[in-house]
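Here's the letter readout for the chains.
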Amino acid sequence: MSAQIAQGALVCEDRVELVGDVTIGTRTLIHPSVKIIAEAGPVIIGENNLIEEQTVIVNKFKEGDDRNNIKVMIIGDNNVFEVGTYSEALKIGDNNIFECKSKVGREVTVSNGCIIGAMCELNTNEILQDNTIITVKQRRIANEKPQSQLSQLDFLSKLLTNFQKFKKPNTTVRT
Amino acid sequence: MNFFEPFADKPAIVVDIGQAYTKCGFAGEPAPHAIIPTQVTLNSECQSLFTYKLLPHGLETLKEMLIEFFYNIYYKILNANSRERKVVIVESILTASEFRHTLADVLFNDFHAISVLCIPTHLACTYTLGISRAMVVDFGYNDCQLMPISDGYSLTNLCSFAKLGAQHLHEHLKALIEKYAMVTLGGEKVLFSSLSSRPALTESVLEDIKLKCCFVTSFDRAQKIYQEMELKKTDSFAGLEFEFAPDCDYNLDSLIMHIPGQVREMACEIFFKNEIDPDQCLQHLILDTLSKAPMDLKREFASNVVLAGGGCMLDGLKPRLVKEINFLLQKCPSVFSAQKLSYHKSPSHENYTAWLGAAIFGSLDVLDFYSIQNSRYKELKKLPDWFTIEIRNNLVQI
Amino acid sequence: MATLIDSNKVKYLCSCKRLKPLSYLYYCKYCKPLTLKCKDCVIHEIDQKFFCTNCLDNKVQKEVMAVKYKCSSCFNCPNCKNLLLTRASSVKVPKDSAASNQSLEQQSPQTPQQPQKVYYLICVFCRWTTREVGIPDVTSVPDGWKLLENPFSKRVQELTEAYKVIAAREKLEKDRKKFPTLKRRSLYISGSSASSSILHSDKYGILAPAQKRLAVTASIGNQNLDPQITIEQQFKSLIKPAETVDSFDELPEDFFTKQSNINSITSITQRHANPDFQPSKTSELYPLNKFYQSKESKRCSGCEHNVLKPESNIISIKFKLHQMAVFLVPEVRIVTIPEWKINEPNEVMLSVTNRYEGDVNISFVNLADDKVSNLSNFEANARIEFEYQDSVIIDRQDNSKVVPAQLKQTDEQTKGFVCFRRDNKIAVKCLVTPMTKPTNKEPDYVKCIFGLKCSINMPESSSPQIQSSSSGSKENFTNSVITHHVFVDFGPLKLENGLKVVPKPRYIDDCLKTLVK
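Protein chains in written order, with my numbering: chain U, 10 to 184; chain G, 58 to 455; chain C, -11 to 505.
Chain U with its partners taken away, still in its complex shape (with noise of 0.2 angstroms):
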């Protein structure tokens, strides 16, 4: 089953491997060498996510987990995954932050606004509270939600397609 990207959404065509039934929302960006992987069910990406270079994201079985048993993958809008970051958390909401080379377990739930700091692995069994910031010693709760990263986006979109091929979407309107 190939992927499936939406109108708008830039997916690069280098070094890219979607694995599986992968769902890209529209106006997401996707960087060269980024892995997404849906082993254990489909995975479905939702709209203006920055994945940024060898970022994983993969939904798979654990071992002794029942293979027919699917778990479909959710994340939500607006996130932001930078450079070597490692997911296998099966629902992502809207609006986080996994900073370069975070790493997330598939039992962590990751809710809105919430920041995994650079070098932080998690691999509780919890749901994240909204807008939980996470770094190497501590956790703490904020305010409000990280700045949103859509300038940063629009930058990228506009500067990336002067360098890069672009994969073709194939599907007008999003699942």
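I should point out that these hints are in silico values taken from the structure, not numbers from a laboratory. It is possible that some hints are incorrect.
Going by beta-carbon spacing under 8 angstroms, a handful of chain C positions derived as facing chain G [stated by the list, open to error]:
#: 1; residue: V55
#: 2; residue: K56
#: 3; residue: K159
#: 4; residue: A230
#: 5; residue: E238
#: 6; residue: H260
#: 7; residue: K278
#: 8; residue: S282
The beta carbon of each residue, even a glycine, is placed where N, CA and C say it ideally should be.
Please build the complex by placing chains G and C on the supplied structure of chain U, with the hints as guidance.
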């Protein structure tokens, strides 16, 4: 008024080396410049100063550690030249004399301090209040020390101490966590201690848990809990009908630890209830010391109790202690005639009360009279002790 | 680089009998013979010029004291201690309040609004902002965030003042005891005339300091020195006594029932970062002012000549003078670690790097263990042997040309003792024999000592006197020979817990092949 502030330009350095944290700063300032852990990194290993006893070549290692430690304080934190400064050291009266001698050696010979004054913790605390007679209770990391002070003298014969410090609280907390705390693993709650590979409960983790989750419960609640435990003839906190404070979740590495209310509330109970030796708890310790005091000073000590040390910054410790003491006073009025004791509030946070007292003293003109000058130290070759007196330039131990 | 030199594997013996890695050592060229000085035996000196490491604003000691070493415009994050950055944002404020007063009647929903720049602080690491704890935005950056005063400073000030008066009196009394031959009694005639009576009796000006103090004491405390008034009474008249309480505030009742949020409680380091306030809740955090720092120069403890002197310009990170031992003493590093065989010679390679500006002639010396090993608690338990004891030249560091790894004619005569040579670095072979202890127990670690005899040509201008006499001729070199004691710790005898044999690197093999050719 340069005359009145003879070292306005170069105030003395005041250092309070605590068992866990060291307070350092300048004389005449209302708060220390920095509070740092009493630790040094030697040979890329971070260790506490007081572990020297466990190490091979203990005293030599201690000297190296102290040099490194004071180098940090002088040149990295305070930015002061050691040769131009007087030093005031706040020391516990229970400091090992080998530690004192090494300290003096380092300060005079390696750092060339102008003069050094060692001021006992308890005495220093009284300078923050402007009182001359007081009963000072110092809640430290290693132990809790009581010392009545009268007119600038520590009444060492009345000094008493109990192994009730943050260290013991941490140990107790660890035991309770291993007994009661739960973790969620794969959707199920299991006992923390049943995990095969569990993250270590290090001293710093325990300190953080203590700070964020634990508190000293109120007197009334404690009474209810103990009554119920007595009724049910149990010494476990589980299965009590009493409604403990809500549980709380603590993130420990990649685990979420559920710390039950009974752990949060009962961890600090070691200060007030000791099954093995009932006298080894705070309220008994304070009243015992008071009852031993000389008749003419008793009343004054009772109305001037000073609580100092980082330990009494625990949530709820002070009100609980007061209630416990009042309860004891009512129960056995024969011990002591007063109904209540009076407590002082020093103009500082408790963890640096002693430092502040030394800082006030260090800014005074008379500092020189009480300190040991560098030249004098080189003659004596050692620091006079608490119990030494000087007779015709010879030190005599009494 | 720092981590490479900073390792504690190879240590040198300092002149103060301490063992230090080379990066902690300095040398003093004025002391004869040339001596090594470590960071614990040089004299450190703080520069009197203080500066903020962020804004580079500089002040002298007195000014810094007045602001308690705190920079008023640079802050660290109270949450994670990283630097806070100033962010500007614009808010719409109603146009000038005076103008809006006049046009109150005309005020329509579209009141003319004027954008105004406001600033707040943000930590780029943990995203803490001043807005989060409700610190209002400011309109100007310098001195925008006020330095908070210690809540107790007034009381402390009062106490200090009162104690100062008492102290002055005590000092006076002690001074008096120092001069017992003088008519002490005259002081006790009456309080008010005490000062005048001293004046009369002091013919020789010997009591001048005492007089001054007396005068000031009297004026400050507004008290005459009546011995009837005890120090205690005087003190009480100076300051309002500390108040006592019977009880302390109980914890609020809902504390026991409400779900607590542990993320709202600060950690111990966050509390200690601000000793004046020690906030216990994250909502009480306040930006931490950056502290002023100062540069540090170091002097030789023997001759008080500078061994390290930074440039006085605070922006510069260069040194006026730096005599670090790295630039004089050849640096020894461990190249290979074999699988240790006890009581048998094991072949080990060491590399030696010369960072001196001239060629260095080195030779390895086997030291009698017992002589040196008693020093500095270094228990050497292995014997190290060098098959070749004559001198080897290491070239100087020459950045202009890069020499390919090749052995010299002389190296071939050493029968493979020198097995690698490139630029200013050579590698040599040695035999290390770990020995069983007298108690027949296997040692845990492999440690050994050897002497590194270096002979270098140093410019003659080593002491200022000679320099002036010899009219500064630069060609005048003297050859100085120093033997450094090198202490090598090869690590555990048993290679466990992820420790591995470190094999001979390829470049050494390549170099040896060229020799065969």
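Taking the hints in turn, this is what the structure says about them:
1. V55: Given a least distance of 12 angstroms, the restraint on V55/C is violated.
2. K56: holds, 7 angstroms
3. K159: Holds: closest Cβ of chain G sits about 5 angstroms from K159/C, inside 8 angstroms.
4. A230: holds, 4 angstroms
5. E238: holds, 5 angstroms
6. H260: Given a least distance of 4 angstroms, the restraint on H260/C holds.
7. K278: violated, 13 angstroms
8. S282: holds, 5 angstroms
The structure does not agree with the numbered hints 1, 7 stated previously, though it agrees with the rest.
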